[in-house]
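Enquirer: Listed below, chain by chain, are the residues.
6 protein chains.
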Amino acid sequence: MRALVVGRWQPFHNGHLTIIKEIANDVDEIIIGVGSAQKSHTLNDPFTAGERIMMIIKTLKKFGFPYYVIPIRDIDFNALWVSYVESLTPPFDLIYTGNALVRELFEERGYVVKKPKLYNRKEYSGTEIRRRILNNEEWKHLVPGEVVEVIDEIDGENRIKRLSKKDYLI
Amino acid sequence: MRALVVGRWQPFHNGHLTIIKEIANDVDEIIIGVGSAQKSHTLNDPFTAGERIMMIIKTLKKFGFPYYVIPIRDIDFNALWVSYVESLTPPFDLIYTGNALVRELFEERGYVVKKPKLYNRKEYSGTEIRRRILNNEEWKHLVPGEVVEVIDEIDGENRIKRLSKKDYLI
Amino acid sequence: MRALVVGRWQPFHNGHLTIIKEIANDVDEIIIGVGSAQKSHTLNDPFTAGERIMMIIKTLKKFGFPYYVIPIRDIDFNALWVSYVESLTPPFDLIYTGNALVRELFEERGYVVKKPKLYNRKEYSGTEIRRRILNNEEWKHLVPGEVVEVIDEIDGENRIKRLSKKDYLI
Amino acid sequence: MRALVVGRWQPFHNGHLTIIKEIANDVDEIIIGVGSAQKSHTLNDPFTAGERIMMIIKTLKKFGFPYYVIPIRDIDFNALWVSYVESLTPPFDLIYTGNALVRELFEERGYVVKKPKLYNRKEYSGTEIRRRILNNEEWKHLVPGEVVEVIDEIDGENRIKRLSKKDYLI
Amino acid sequence: MRALVVGRWQPFHNGHLTIIKEIANDVDEIIIGVGSAQKSHTLNDPFTAGERIMMIIKTLKKFGFPYYVIPIRDIDFNALWVSYVESLTPPFDLIYTGNALVRELFEERGYVVKKPKLYNRKEYSGTEIRRRILNNEEWKHLVPGEVVEVIDEIDGENRIKRLSKKDYLI
Amino acid sequence: MRALVVGRWQPFHNGHLTIIKEIANDVDEIIIGVGSAQKSHTLNDPFTAGERIMMIIKTLKKFGFPYYVIPIRDIDFNALWVSYVESLTPPFDLIYTGNALVRELFEERGYVVKKPKLYNRKEYSGTEIRRRILNNEEWKHLVPGEVVEVIDEIDGENRIKRLSKKDYLI
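Chains as they are written, first to last, in the working numbering: chain A, 1417 to 1586; chain B, 1417 to 1586; chain C, 1417 to 1586; chain D, 1417 to 1586; chain E, 1417 to 1586; chain F, 1417 to 1586.
Keep in mind the hints are simulated off the structure, nothing from the lab. As the structure is a computational prediction, the values presented were derived from the model and not from experiment. It cannot be assumed that every hint is accurate.
Since the list can't tell identical chains apart, any single copy or any two copies may satisfy a pair.
[Claimed, not checked] The list that follows gives simulated cross-link-like pairs (lysine-lysine, BS3-like), each with its CA atoms no further than 27 Å apart:
id : residue 1 : residue 2
1  : K1582     : K1437
2  : K1582     : K1531
3  : K1582     : K1533
4  : K1577     : K1437
5  : K1577     : K1533
Go ahead and model the full structure; you've got the sequences and the hints to work with.
Expert: Here it is, written out as structure tokens:
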């Protein structure tokens, strides 16, 4: 059995890792979709798809389970989205999502959709982690060590801080 | 004389029907543009272009007047929009719209633009009808019977309710 | 039962009309997709979607059967095409096509695909009709009278002749 | 040395002109990018790219310095934007911008980014000028005379006023 | 009076220059559209829009007449093309083109279209110049000196030769 | 050191596998780009990106080396392509390609480009394998066993045969 889980992973954090590991117990292979792949360099979506893929693959390397990581860009045409995802991924049997739209689109196509269990949602949250980075608060304990390394390699903390500078409109 | 009227028809309701019938008295043929054709499965735009076309055609079948129903997607390039509409439709002589942008774009191209008369705007309103569906209030008397049938066939009430579920972000 | 038939209708001719009328005998409603809707003003695709829609609707007006005419643009992403068509049209039960790709895409999605019977393929052919227009040969007996009227209204014969002029490259 | 400066120029005003003239003192050639080129006919972006280009070229004609004016549409893919700009313009050595995102994208690619000095930001502001046009207040002293001429030629004051009319939704 | 002339200018050569100078005698301002702006790095279209703009502007600097240079990308939707060009350029009164499609599209919109006079078409031809570059034959006398400089600056001769290398498919 | 190799992998065959294994000896990590990701269901590009990714990942599972598989769609804008690839992948140090255009684009951006060594090019070729499938000749010994399994699972042999059927144009 193969399952799909789609997220933005901005960045990939310990809550994500726990979810992925639990799904890995239930299925044979996981397809990890990297959503909004075309987005980067904003406060909400600071990391490119390539950077997010690197975070995920470096983190999961040490766990033995089989998985695929696939970037998926937004197409702004909801009625095509399921077909779009299907064309980019191996066939899958069920989807894990907490997003009402994704659930609706897949259920209308006859897929089984499950809700992943969340842990410590207040801290294990991309929004919270980006907020902490911006405010020089502790954040590194909320993500896997490999994600810290990737963010360091691309100077991600400073990217977020620079992007938050007030514009100076000409 | 041929007239164009563009709306989103989310869903097609009795106010729409009254407008269409009045325009039908004034012109030989009506072109009904289904705007934002690429949108569906959101609370604001729950129905696909195909579903909306079906509502309109089933409703108008019993009236004898000639009309065309054409899906028109957003192109996010206002200066091209009039040409885009012209390329998809038979030639037309005047436009009925209450939208300031549509009026401006067509008037700059030399078209005659008229305002349709509205009836009972508080209830005959897509926003109001979607709100009632969401809140389990009466709505079926606000739309033609054929629209009720289409919404039933596609399980539209539940689609809207499911799309309103709070997200559960991973 | 509702059937879909997709063509380019460049222009709509007597062979097309015979096919549509035969399908109308077999099903309750026909959806006529106007393919390559974004194309016009070339020797292969001289007429806009709007012009082709006008040809079809004017021709079919006198027959009583119910139908929909929907423009469908090319999306150059075969794996999305079936979903794209589904989003723009009412639900349908079977497809009539002689195109191998369209057949494959719909059959992989579980649709029933039928081949329409063709009549006098040598003359009832868009290619042949465009060739005759270009060479000042007889063509008007190959299309319905309403199509002659539309082509006259838009000065279509001269459009085709002008488009065939040799380029004079700067 | 060649410098790039990107703005929306909705419309081109005296503050813009001062900045351009100062940059012209520092470099050999200026490339003036007309951003959001696809936008027009909204209250925030009333003028087409063609109209904005005309404002700039007519204004700068009397100054002797060499420059290029290039329309640049939004591509909604930040990681591609620098390459996109590079493909449309002559090579440049530095960028003038006050926008945090533009700064970040170009600095990550190794470009030198400078902040232009602003003058009288409260009045020399596109937002303020559009607000004044809408409210029938004095605005013509805030833009070069050539810009007044262009806005008059296209009846720009009335376009803005008409676009602000309340919608009358069908 | 303002005239539009659209070409690909791959590269800008002496035949182009003669045409532009003759048009400059007849009109007040010339708009030079750089067509297929998105294309580059192929044997048919080796130069980016930015490189072609640089060729044109450097060459025309020494002639006193006023002109605009505007990149125009292909949109593969003929019925929108005139509006697209209009949105990117100042208003114009006539078009110079030898291309049958461009002539047809503009004439259908009511524009006056003229044919530029060509000189020495066998040698003053982009195709011929690219062929000579590829085969190490003389070509520099066929283009303005400024174009030679631009092609040298970007190492254009070698780009063309490298692009012609036989593929070695994996 | 990380290397990028881009191919269409229609299908992934023994020649591809040999190349990948050799590159794996030279670098720490390989990024395998799946080019023309949007294409499928044609005789030249029969398999979807998802199907090709499955072929690659299933085949490489038994070799220990680290790699990424990333779908990359065509963007028809050569000057953006390097940035596009960079945005979707982890950073890389060199590229393996035999394609002249890919080589040129990456070398102009300062990348090191290498040619992979090819083996038995006549038989280890996607074109040859697709030809054999179409003609009922032996082909399974030319691809890894896992690829045979994927093609069987999706009924790929019959898809290719069905796509080759002569069209029967309406």
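Enquirer: Hints the structure violates: just list their numbers, smallest first.
Expert: 4
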